[in-house]
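Chemist: Chain by chain, the residues:
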Amino acid sequence: MRIRPAGAHALLLDFTTPPVDPGTSPVDLAALVEAWRAELWRRREHGELVATEIVPAAATVLLDGVPDPVATAARVADWTPAPPAATADPGADPVEVPVTYDGADLPRVAEHWRTDVPAVVRRLARTEFRVAFCGFAPGFGYLTGLPAELAVPRLTSPRPRVPAGSVALAGPYAGIYPTASPGGWLLVGRTELTLFDVRVEPPARLTPGTRVRLVPA
Amino acid sequence: MTERTGSGAGVVEVVRAGALTTVQDLGRPGWAHLGVTRSGALDPSALRLANRLVGNPESTAGLEITMTGCQLRPTRATTVALVGADVDVRVGDRPGDTGRPLAVPAGALLRIGPARAGLRCWLAVAGGIAVDPVLGSRATDTLAGLGPAALRDGDRLPLGEPIGPPAPVDVTVPVPHPTELDLAVRLGPRHDWFRTAALDLLLGTAYTVSPLSNRIGARLTGAPLPRAVAGELPSEGLVLGAVQVPADGQPLIFLADHPTTGGYPVIAVVDDVTLLAQARPGTTVRFHGPQR
Numbered sequence: 001m002r003i004r005p006a007g008a009h010a011l012l013l014d015f016t017t018p019p020v021d022p023g024t025s026p027v028d029l030a031a032l033v034e035a036w037r038a039e040l041w042r043r044r045e046h047g048e049l050v051a052t053e054i055v056p057a058a059a060t061v062l063l064d065g066v067p068d069p070v071a072t073a074a075r076v077a078d079w080t081p082a083p084p085a086a087t088a089d090p091g092a093d094p095v096e097v098p099v100t101y102d103g104a105d106l107p108r109v110a111e112h113w114r115t116d117v118p119a120v121v122r123r124l125a126r127t128e129f130r131v132a133f134c135g136f137a138p139g140f141g142y143l144t145g146l147p148a149e150l151a152v153p154r155l156t157s158p159r160p161r162v163p164a165g166s167v168a169l170a171g172p173y174a175g176i177y178p179t180a181s182p183g184g185w186l187l188v189g190r191t192e193l194t195l196f197d198v199r200v201e202p203p204a205r206l207t208p209g210t211r212v213r214l215v216p217a
Numbered sequence: 001m002t003e004r005t006g007s008g009a010g011v012v013e014v015v016r017a018g019a020l021t022t023v024q025d026l027g028r029p030g031w032a033h034l035g036v037t038r039s040g041a042l043d044p045s046a047l048r049l050a051n052r053l054v055g056n057p058e059s060t061a062g063l064e065i066t067m068t069g070c071q072l073r074p075t076r077a078t079t080v081a082l083v084g085a086d087v088d089v090r091v092g093d094r095p096g097d098t099g100r101p102l103a104v105p106a107g108a109l110l111r112i113g114p115a116r117a118g119l120r121c122w123l124a125v126a127g128g129i130a131v132d133p134v135l136g137s138r139a140t141d142t143l144a145g146l147g148p149a150a151l152r153d154g155d156r157l158p159l160g161e162p163i164g165p166p167a168p169v170d171v172t173v174p175v176p177h178p179t180e181l182d183l184a185v186r187l188g189p190r191h192d193w194f195r196t197a198a199l200d201l202l203l204g205t206a207y208t209v210s211p212l213s214n215r216i217g218a219r220l221t222g223a224p225l226p227r228a229v230a231g232e233l234p235s236e237g238l239v240l241g242a243v244q245v246p247a248d249g250q251p252l253i254f255l256a257d258h259p260t261t262g263g264y265p266v267i268a269v270v271d272d273v274t275l276l277a278q279a280r281p282g283t284t285v286r287f288h289g290p291q292r
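So the protein lines, in turn, are chains A and B. Mapping to UniProt numbering: the first sequence position 8 is 8, numbers consecutive. Mapping to UniProt numbering: the second sequence position 3 is 3, numbers consecutive.
Careful: at least some of the hints might be erroneous.
Covered stretches of chain B (in silico footprint by chain A; criterion: 3 or more residues with CB under 8 Å from a CB of chain A, positions within the stretch not fixed) [said to hold, decoys possible]:
1. 29 to 36
2. 85 to 94
3. 132 to 145
4. 231 to 238
5. 258 to 265
Bear in mind the hints are in silico, worked out from the structure with no lab data behind them. The beta-carbon is built from N, C-alpha and C at its ideal position, and this holds for glycine as well.
Between the sequences and the hints, there should be enough to build the whole structure, so can you do that?
Modeler: Written as structure tokens, this is what we have:
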């Protein structure tokens, strides 16, 4: 881990920078980010860390609203995240998202995966995903769980409007559009489940660390 | 006509909404991990001052008025205060001052003129704008569409009950609106993705605020900043004031409605972005860093 400065009140914990701990090969970046996210949230709960925002992303965790970044960086450098087994909540079942697999881009995904559409659907339906981070729009979770070799490119020309509830793939991630928006991800299906509702706590159904299954509706 | 919510404390009728008038308070920090940005007044100190002038708690929701001004009509007698851009204010036929409490009789037309210098001003109303809060804030997030929509002609905004008396202030010192800004930056987190020449250009040449700037970010034009590392950066968290450099090399400074994550490298972070709230297109921006 390298701790990068990010202005007067923030630090960026970067997990792409070597040296990587020996013995963690292959390095599962998403697991490392998730372990650190959980560790930092726990430390904040216990009053050992002051940060307004703890924002996990693809290979980093941002700490923003940190009163003294230099002193905080020195403390964070001494911390070791608890192993995932210790942080996983064994009682929590995965969130089941009922998905109608009728997306316009299923044939395209099948082509990239060198298989047919039913096999794509079976693969997505049996994968256990985890919310790596949120971004792009409120409640939009980047779901990891597919192997790197199944990564797919975005559309070269994004659609001007992707309906809310669209289930889609891009790069190594799956995602569900919480609201209608322009989008370049490959559409594989849709769900009726409400993913972002400001009247409930937490407002996002898919929060970082949550396990998710995209079960056929 | 849109009645935003019921209220017993009167409403403000929006007679002319202007180019962009939004409800703003101090925003909704603490939700970035769910993809929800901070939002809030682009110059929080100006909104705080306006609120103090009318006897509100500093975090009370007011209006952020952009460039063209707006016209409002409160249905009950109230006190307002305007802080920010240099504008003409009229209560009915009488001229008023910015930076001090103004009494507005019930039904009188409050006219806020176009900005002569600066770009935005903040209007506090005694009791505050009492639209329903979303995730603890009444701020309009123009990127994600959270909070109340930007004002439209004919809207009726509910007012809250006044809490305290107006501040015993005669006049506040007007803030100058320079046509050149000198912004302190700290390099990072991704300055190592750029050639040394890019750091020299960033800290040694002048940039110009582009007309494409908005509450999400101040877009700049000037010398493009050459990258040392090609390729894509995996999305990572963004902070207020981040100077992001997209593919065309032209820097963009993120303001209150910035996305929570982004995939272009951030070369530096501006210490204080509040001056950019008043930066009209064409304003010159120079950066200086503690490192050099």
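Chemist: Out of the numbered hints, which ones does the structure contradict?
Modeler: Hint 2 is the one this structure does not satisfy, whereas the remaining hints hold.
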